[in-house]
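These are the residues of each chain, in order.
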Amino acid sequence: MSNLSMDIYRKLYLIRKSEEEIRRLYPENEMKTPMHMSMGEEAIVVGVCHALSHDDQVFGTYRSHALYLAKTENTDNFFAEMCGKVSSMQKGKSGSMHLCDPNRGFMGASAIVASHISVAVGAAFANLRLKNKKMVAVFFGDGAIEEGTFWESLNLACLMKIPVLFVCEDNGLAVHTSESERHGYDSITDIVGKFKCNVLKEESTDAETIYKLVLKAIKLNEENQMPCFLHLKYYRYLEHVGINEDFNIGYRSKNEYIDWAKRDPIKLQKSKLLALGYGKELEIIELQIDKKIEKSIFLAKKAPFADESELYKDIFSDNEAVI
Amino acid sequence: MSNLSMDIYRKLYLIRKSEEEIRRLYPENEMKTPMHMSMGEEAIVVGVCHALSHDDQVFGTYRSHALYLAKTENTDNFFAEMCGKVSSMQKGKSGSMHLCDPNRGFMGASAIVASHISVAVGAAFANLRLKNKKMVAVFFGDGAIEEGTFWESLNLACLMKIPVLFVCEDNGLAVHTSESERHGYDSITDIVGKFKCNVLKEESTDAETIYKLVLKAIKLNEENQMPCFLHLKYYRYLEHVGINEDFNIGYRSKNEYIDWAKRDPIKLQKSKLLALGYGKELEIIELQIDKKIEKSIFLAKKAPFADESELYKDIFSDNEAVI
Amino acid sequence: MRNITYCEALNEAMLQEMERDSNIFVYGIGVPDHVGVFGSTVGLLKKFGKERCFDTPISEDAMTGFGLGAAINKMRPIHVHIRVDFLLLAINQLANMISCYRYGTGGTLKVPLVIRAVVGRGWGQSFQHSKSMFSTFAHIPGLKVVLPTTPKDAKGLLIAAIRDDNPVILIEHRWLYWQVGDVPEEPYSIPIGEANILKKGKDITIVATSWMNVEAVKAADVLEKIGISVEVVDPRTIAPLNDEIIIKSVKKTGHCIIADNDWVDFGVSAEIATKIYEKCFGVLKSPIERIGFAHTPCPTARHLENCFYPNAVTIIRSVEKKLGLEPMDLTGESFYSHENRFKGPF
Amino acid sequence: MRNITYCEALNEAMLQEMERDSNIFVYGIGVPDHVGVFGSTVGLLKKFGKERCFDTPISEDAMTGFGLGAAINKMRPIHVHIRVDFLLLAINQLANMISCYRYGTGGTLKVPLVIRAVVGRGWGQSFQHSKSMFSTFAHIPGLKVVLPTTPKDAKGLLIAAIRDDNPVILIEHRWLYWQVGDVPEEPYSIPIGEANILKKGKDITIVATSWMNVEAVKAADVLEKIGISVEVVDPRTIAPLNDEIIIKSVKKTGHCIIADNDWVDFGVSAEIATKIYEKCFGVLKSPIERIGFAHTPCPTARHLENCFYPNAVTIIRSVEKKLGLEPMDLTGESFYSHENRFKGPF
Ligand SMILES: Cc1ncc(C[n+]2csc(CCOP(=O)(O)OP(=O)(O)O)c2C)c(N)n1
Ligand SMILES: Cc1ncc(C[n+]2csc(CCOP(=O)(O)OP(=O)(O)O)c2C)c(N)n1
Ligand SMILES: [Mg+2]
Ligand SMILES: [Mg+2]
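Chains as they are written, first to last, in the numbering used here: chain A, 134 to 456; chain B, 134 to 456; chain C, 65 to 410; chain D, 65 to 410.
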């Protein structure tokens, strides 16, 4: 238990700290990529990813900083890509919105709302056929369920018994528009529950709670071969895109934030560990991570930009000449 | 009651007879348009349209012979368009798949599955804003609910409280594929019922039963301002496209047909009226309709084709010169 | 003389038209929020209420069909997309429904629908937020496609689009939003299907679309200093494409460069070039040069993005080559720099 | 020599490849039913079972994303659409996802995905079942677009597409399905990106796409009788477009007609024309003539449909005009008539 809790804390802290560094560095204008910050959602991605194995696969959205780090812990690539450097696997072509690291199971992220959901279903289908035991989890917001393709993908996975974890990260907002202005129903889980799909929901900001929920989801899937829809609430701390708070604008109230911040996922996990007497260990972990991130940022800043010819590369496989 | 029953019979007979004429004439190859026959679904369209007023509006699919005739009774235009003649309002440009007669509330038909559903929602929205009291009913098959746009449109209508009648004509088939191979759920009505939507369903082939159901739907809408989803079962008598039976192929059994044919909507209505002693009146009506259809076909055959310049007309309004 | 921005011009066009005709409404994702689609819809909610200015679920396909339905029932919808890329989810509605709805009803119904879609660069938008796609729209009979360049065009063409009884797609480059120009206060319309000469010249013709007109005019101004007289022609409408002014210009200059705000291959530049080649056959002194995006997905990193997008310098170098000039010294020239305009986040 | 139909050639290509590589699967609406997408997928279900040959819900968008997902996870999907028009529901997946997925992963993932889509006339298909749309696909970097004409091409190019590690869209005209030709029995591939001379000639070049090649060859045969020697060049692949053979031909003949199986404006004919004009500058003896669909939605009635679609006669008249010949007497010539092939219902 303490090992698990500690591992989870490590990831939570890694994510939060990385984003804090982004907030610090973004004004330098070296990261020329639109930042859709994860702050607030860390418990979800860490909880889910911790229940997955290294080879399991996830798909995310433009808001995938947390998911990327939870799955890969690859801060080197993360910061290199944010800075658009050649040292990143994508060499700056993708930026914050299209993170990926397939070798660690992060299969890609899309900035077209909901467009990656069917891709995840197809990926899970391939895993099923190839019998490689890889799970697939696809993350999307409460806005994505308004796109028809969500429903098509859900129907397909239920029909074909493809064991996808549909992870709906519900922050109640699409940009500045609240859920009640977008949804013609009271409860998405009630609806999805009528599909041949397992449905689980949670409002906790405790990553361990989410972690256990996902273990349950995986078990359910093994039992009845149905995909699982996980509906998880969280609060978006910052503006839709950008590194600032935006409570002054008036479309939401700061009090909501204050309520949620009381049970902030990182603080929550830390206080649990502190209560168990792990103060010293925490300090060490935090220090290690601070160093790791510092080094990643240092490397990212130091690295050169890709040669201009990179623009024309990696469009086609084995076929670079023909574009 | 007898007047109502008689009116309904008139429409049922008109539709069935018109399609029988198509079956007779199609082999002459003068109707160069793909026929998706309605036989079997007559109770639904007649029941619904009879509950609507002349100015109310309907939208249909490529399989809209019955709907068109139930709403408009306009056999002249119907046969003229089937034959591609200038005497049709569409002058042969549209054929069997894109019937329309906006002046009688038939607003168009689409051969891209589900693509007209959102259009109907928009049309109903306009009626709401213009406060013209026109109802809108949109007809689609059980295949259409697999398209994402169905879910988007449903959500929208529920969200905006747009009083559309969503009429799902469920024949259990999309071309040759049965529902169980396409749907990842047991009951579409259970799902839609979780939206802010009224849901009614019926398996009857009695047009009067459907008619009453629709009156109820309209009343419900007045009470709670929610759209209504009508789920209505029927059996497609003929092949997906074309004028023949196809029980020899093996994807469905003729026994199903035999069961349904026992309660064939036209026969059913007729026997009710006969039991009430309306034999004489029925004969007169049938004769009138036979004549009407005969005349329409005669006119259609006699009419010339549109001038070739018609190809370039009616693309833009007031702007024929610029294409 | 009243100078306002392109963005203000768009806003004013909608405001004045919505005042005139209560059947006009404007909708789309983010339309009524405080940002108002890069500012273009700001204030409309307050003025007209949420019955006529409203947000939507993220359902581009259905919301486009919705517009068609409202249009055939005598309303006049304006549907706004903050990026044209999202409109790709609604291509079926454009190509299979909207473009042929009137045709299929034998001219019985009209489709007075306006679709506004924003294109252009931002703060590293990458490959999913950087397409232009207007050549696809122009390819489909039954759609009108308009690309206003100046603030005056923005107002006049948007009003023309709103008054048109047919579907009109307006493509607006987000960098143009900050362009300032003289815009009459009263409502007016500029006919759809009329090109515009942005700068007169006699040595070479540059046909440019959307933002590339700004780059072309800048290039022309710079080249003027070394005595090269460039004519910049903005077709403004690409469907229907009226090529009269373009042809006249090329017949006069004998040289032509097309600078399109899109990929070159199978783009608008191909259609315009073909028309010019055909109608100026034997008159052209050199092959037409086409300038556009690199034929790659758009990358995020700024230095690669800079290689992806052409600009005034690309045009200047191309003119020099065409006219057999030595590359001029451009130090000291100040070109449009996005960086100077804003920094992130999007 | 073994003569089989284009349809059989497609079928054989899939069959042989699926035997070779168990990661290949084929899916789409109607794929496993007894009709088998105009016959092209018949027998695959029986041979490979429904794990590798399956039907889908009517969900083009999701089923396209599904193919992408399977492809990046090392399967090799073939997605079949009985009409290209339905693919319009999945343009977002093509343009925003499939075309740039590899690019966005820095070349880490491959997308070996084949999309087969049928175009062409039927029994009054009308405006929603008659588009071609391949110029849009060709416009988007990252997609390969192939249009096989002969049975031999059908097999060789489909096999090449299946073996390609990149997304390839195959456009098949349904009238070509009945074309008969010599097709080697063993599996073979024809390189994507190579044009093909269907008939050698010296007086004029006709560049044609898809079905229009059949019309062009027919026109050439007829014109031969009056001593006109027509060269028919089939690009076969339009993206990436390799124009070498085309240019060589036009340089030789000096005259060119492009007959595209699509609308003319903003279509493939514009790109090909532009390339020719540019590379044959000063060599062309006359402007290029473009032949394609009328710029209208496609009507249903046969006599109007006949005006909408060009054919061999259109080409013959165009050649005559270009070469300054009197219109020849065509009585007695028999041209392809769809009516003779089949009557309805679709
Ligand atoms: C298809 C599409 N439409 C519109 C947008 C613009 N957009 C970007 S993010 C967003 C809101 C999405 O909300 P949600 O799915 O809840 O995710 P969140 O931002 O809350 O994480 C919108 C509308 C887009 N990216 N893609
Ligand atoms: C978007 C789209 N995909 C595929 C098709 C081909 N298609 C035509 S009818 C049909 C089946 C539709 O089934 P359903 O909605 O149940 O209507 P029914 O034919 O049973 O009346 C299909 C798949 C189409 N027309 N449109
Ligand atoms: Mg959200
Ligand atoms: Mg059905």
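Note that these hints are calculated values from the structure, not bench results. C-beta: ideal position from N, C-alpha, C; glycine also. Be careful, since some hints might not be right.
[To be verified] Simulated restraints, written as ranges between beta carbons of each label pair:
#, chain 1, residue 1, chain 2, residue 2, range
1, B, 391, D, 83, 37 to 45 Å
2, D, 111, A, 153, 57 to 65 Å
3, B, 186, D, 110, 51 to 59 Å
4, B, 264, A, 313, 52 to 60 Å
5, C, 252, A, 163, 55 to 63 Å
6, D, 110, B, 387, 48 to 56 Å
7, B, 405, D, 113, 45 to 53 Å
8, B, 153, D, 67, 40 to 48 Å
9, D, 229, C, 405, 23 to 31 Å
10, B, 405, D, 83, 24 to 32 Å
Q: Sort out which numbered hints this structure fails and list those numbers smallest first.
A: 4, 5, 6, 9 and 10
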